[in-house]
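*Asks:* Each chain is listed here by its residues.
Number of protein chains: 4
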Amino acid sequence: MAALFRGYRNFYKRSNRHVELTLVSCRSMASKTPVGFIGLGNMGTPMARNLLKHGYPVIATDVFPESFKELQDSGAQILDCPAEVADKADRIITMLPSSPNVIEVYTGPSGILKKVKKGTLLIDSSTINPAVSKEMAVAAEKMGAVFMDAPVSGGVGAASLAKLTFMVGGVEEEFNAAQELLTCMGANVVYCGQVGSGQAAKICNNMLLGIGMIGTAETMNLGIRLGLDPKLLAKILNMSSGQCWSSDKYNPVPGVMEGVPSANNYQGGFGTTLMAKDLGFAQDSATSTLTPIPLGSLAHQIYRAMCTCGYANKDFSSVFQFLREEGV
Amino acid sequence: MAALFRGYRNFYKRSNRHVELTLVSCRSMASKTPVGFIGLGNMGTPMARNLLKHGYPVIATDVFPESFKELQDSGAQILDCPAEVADKADRIITMLPSSPNVIEVYTGPSGILKKVKKGTLLIDSSTINPAVSKEMAVAAEKMGAVFMDAPVSGGVGAASLAKLTFMVGGVEEEFNAAQELLTCMGANVVYCGQVGSGQAAKICNNMLLGIGMIGTAETMNLGIRLGLDPKLLAKILNMSSGQCWSSDKYNPVPGVMEGVPSANNYQGGFGTTLMAKDLGFAQDSATSTLTPIPLGSLAHQIYRAMCTCGYANKDFSSVFQFLREEGV
Amino acid sequence: MAALFRGYRNFYKRSNRHVELTLVSCRSMASKTPVGFIGLGNMGTPMARNLLKHGYPVIATDVFPESFKELQDSGAQILDCPAEVADKADRIITMLPSSPNVIEVYTGPSGILKKVKKGTLLIDSSTINPAVSKEMAVAAEKMGAVFMDAPVSGGVGAASLAKLTFMVGGVEEEFNAAQELLTCMGANVVYCGQVGSGQAAKICNNMLLGIGMIGTAETMNLGIRLGLDPKLLAKILNMSSGQCWSSDKYNPVPGVMEGVPSANNYQGGFGTTLMAKDLGFAQDSATSTLTPIPLGSLAHQIYRAMCTCGYANKDFSSVFQFLREEGV
Amino acid sequence: MAALFRGYRNFYKRSNRHVELTLVSCRSMASKTPVGFIGLGNMGTPMARNLLKHGYPVIATDVFPESFKELQDSGAQILDCPAEVADKADRIITMLPSSPNVIEVYTGPSGILKKVKKGTLLIDSSTINPAVSKEMAVAAEKMGAVFMDAPVSGGVGAASLAKLTFMVGGVEEEFNAAQELLTCMGANVVYCGQVGSGQAAKICNNMLLGIGMIGTAETMNLGIRLGLDPKLLAKILNMSSGQCWSSDKYNPVPGVMEGVPSANNYQGGFGTTLMAKDLGFAQDSATSTLTPIPLGSLAHQIYRAMCTCGYANKDFSSVFQFLREEGV
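Chains as they are written, first to last, in this note's numbering: chain A, 1 to 328; chain B, 1 to 328; chain C, 1 to 328; chain D, 1 to 328.
Heads up, a few of these hints could be off.
Which copy? The list can't say, so a pair holds if one copy fits it or any two copies do.
[As the list claims (entries may be wrong)] Derived pair list, reagent style SDA-like, types lysine to any residue, alpha-carbon separation capped at 20 Å:
1) K163 x G259
2) K277 x T289
3) K235 x Q179
4) K231 x V189
Simulated from the structure, these hints should not be mistaken for laboratory data.
Computed from a prediction, not measured in an experiment: that's the story for all the values here.
Chain A with its partners taken away, still in its complex shape (with noise of 0.2 Å):
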């Protein structure tokens, strides 16, 4: 009722431009409804499995067969394509690897918006060029169907234990909608403003996370260097200015924490390559819109010359390692 009053007002104040919101608040907010899910990777398939457990029944597909086993078990329905999910389900969650696979799920021929009915509300969990989740918004909106963009903060650990963060873009009077969803899957569902506006803030919490990342690992490196213990030189830094969450959650330094990737010898965790490619977003977007950003540029380029030194695949916080010169 308070959905259909929103629709109402909303209606009313933002002339017939959104008459069709009416319509889109008509989506059934209390029934469980089926749910589409579209990118059944690491991250996607825990996601889908906690809206499983919430007693939403899940519509799923996947272009790798050998990714639908584990959550067709779980007792969701694949079908063949993103068409299909959208013929099926008006509300559809999409959380793919990069800016190609989101275009070619919603605008592909067998993508989303081939069938996507009216009202319906595409959510993409992908991390991805805030330009790109642009377009799919107007793309989109073509066709009736609302489009926010809602990137996640933490891991496969998190999405397993619906301990992520959203951070969501697109219409307010839709974010609700969303929030219904997203809180089945994550502890923090943040309203980030218009579309764009979730990848947007993905990318400058990232940013400061790969500055401080380097930063952390340059300071320990230097102490190190001058004679300090490390345990007692990150102690110091976390009661002091120098605290970051790189230096009190996720120290780079082997020894210094337990339960983090430079305790593994910089497995799991989050790849150099996937840092590279998130900053590479906050270049592109710097880049466009004019904004000096010195130390993010500069940290992308390590990360990005780490790659050409066998890191790729290690965890981020290997750059420790890197600036080691002991350490190859």
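Add chains B, C and D to chain A, keeping to what the hints say.
*Replies:* Below, chains B, C and D alone, put in the same frame as chain A:
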């Protein structure tokens, strides 16, 4: 008594090279004998006043007579030069602006070491090159005195409220003696290792701080350009892996936080020149230890370039303004 | 005749996918048929005038009517829009400020491709993203036309004196045809490879130029601070391994050379904004090809930061002034 | 006679502080009295041999006896230590690997200054910190001797062929005397100014060289990734504003040029460690003079990081290999 025992233990453990430690440890720690204080600037004056508050007689000096007045009114005795202070006190704290001042105050013609008594405890809270701290320690040891470096984290406010953090380097046996005095002036007193370690820890902290601040400024600026609300972006970063002290406690974007320099046109706080100076120490230390510090170097260069563009005396968080197109 | 023969050879060698090349090569290269010219700015006008001087009738257009006058007086025929030019000429040169202008002029509603004739040779001398050049080539090929990119090195002076360097990308068989026209406007015409290669070469050159200029400015400034005479230092660099075009031909220090922007308060020359734009293309290309360009990135950021500090419209060699403490 | 006259002129002009210059200038410049040479390494041995070729008796020493043999066979007299050389020769050249060696050879227990004669001309061709050169000059002046710094540009090949460039700092009145000897060993002898200026010029040149080489490597790599032929790209750069010594005379891409380290798996040439060392001097000088050198700093860090990744002993142009994904 414990102190005496500690002295004997050292005697046996470390052989006669450190036999004078027995004497050193005979310095009374119970009764409040006078404490020397040299360097009565913005930081030194409130620090010395806190010693007075704790009941220690203070014997002080400074090269600028106008610096005396305030502390004299608070009850300190003012002498002509460091040598005279050393003649009257067997515990001396120095708080000076730069390496040459420290060299002059310790080894100059009317410096401390001209009249220092055997067993005197010398604590230098200046932020200087760790190499100079080590030289001073050697010179002090020749006269039978003990030198410790104890630079501070925290500004004038923290000095007044006795909330400084001291990072202490020097012989471990003397740490308790130093701690007795330093706890009157600070909230945290951390033992970092041999002489110079305090400076090393300070340099490391400030390098990571300097990097984190520019990283935060770039990130906030990029986010704003991409359409994000600054307060919202700060909130997202601070709940995610981008979090750092600069984003969380000292945000450089006007309007995001109260009570920080960015809320006051970047006045007060920690001047860009001072940050550039500290990063110069980091650079020197990295060069001499062959340690790569790519982001630290670039941060140094950015603060240095800011000094050429009119930001020398603004708080270092004004890097946000420096990087904004509309800023200047 | 050679051209015809070349056409046949291609016909056999490359199969019917390129059968239209036979037609293309039938464009008369001996008689001086009209040449289209679109974009009559500071560069385009003198370029088009040089075509007139060589006896080519010129049919031109520009969005700004005030740009017409000068060329019209020199004997060019002015038409309303690019489509009309394409209707009248089978060789067209475009010289436009940015990628969106190029896209509009070629593919817009009254763009060249609306009325382009089969076999028309399209030469774009704008400096744009190589990816856009490739898109234009694909679009032109669909209409049976041939697109080549031919960005220039050299400024307004070189354009007037027909001393430009053209870096040409496109099918090799058409290079002679392009060269016939380009030699009227430039001293060097270099074939670089497939479409987009001209832009790639231009971007590479300007990236190294941008790095060399900042490097020269830093080096000269450091030497001056160390007590060296600037003219003497320039002389030493130029006879040693530090030599580069910026130290040798375009020294950024006032008083070292005559006839360069540093001798004229950094007026004229190549604006900082334009250098920042070109380095943005370098950055984009590097990001998309996963190429590390640490100095190129930092140079980009420095020119970008200069734009925030009042140097946007000065010659890019003003980076010397930006880096000097006394400079501002 | 001219020398004598010059001596008198100085006597009157510069007052009795420099009265000893009269004596200095009495050193015979016509007859070939013995020249001391200390430091018989890869550079020193061919340099000293060139003095012998020009008819100067050479009195030499080195800490490593195995270094003696070659020069002894060429006719040089070998003595035990620098002090003994100073006892026998009133013109001495030193060519040593680093600042501590220079300090030892001049001021150590059996150093030059122990037995130096009044008026002796001391020429140090080592590449060291300019601050150390100045200290040595002060120490020499106390003994009545004259110290000049004269570091070289050019490697072992240039040393053998007497094609070195000498950059000379020191009192101008003594430049002719230094030049007499240096022209036997080099093709260019450039007077740079007061003591330390030779080092300053060397540092400046090598900083710009170090920047230019990385810039060239990045640019060539980017161009290759964008599809350009490396030889063609080098040709384009070298005829355009991107030209620099590294692109033109010492191209870092295998296959572009013959006779350079890139044609020989980066063996020989100028080691990455040595470039990192020289950029360390640049960094120190910049830090102490508060000069921003953003690209110089980053170049320093990149060569430093290369040392951590197995490139320490390769020619510094191997930065091209370091930056290529397929490279390692």
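*Asks:* Work down the list of hints and note, for each, if the structure agrees.
*Replies:* Hints, verified against the model:
no.	hint	in the structure
1	K163 x G259	within (17 Å within a copy, 33 Å between copies)
2	K277 x T289	both (19 Å within a copy, 11 Å between copies)
3	K235 x Q179	between (38 Å within a copy, 18 Å between copies)
4	K231 x V189	between (34 Å within a copy, 16 Å between copies)
Violated hints for the displayed structure: none, as all numbered hints are satisfied.
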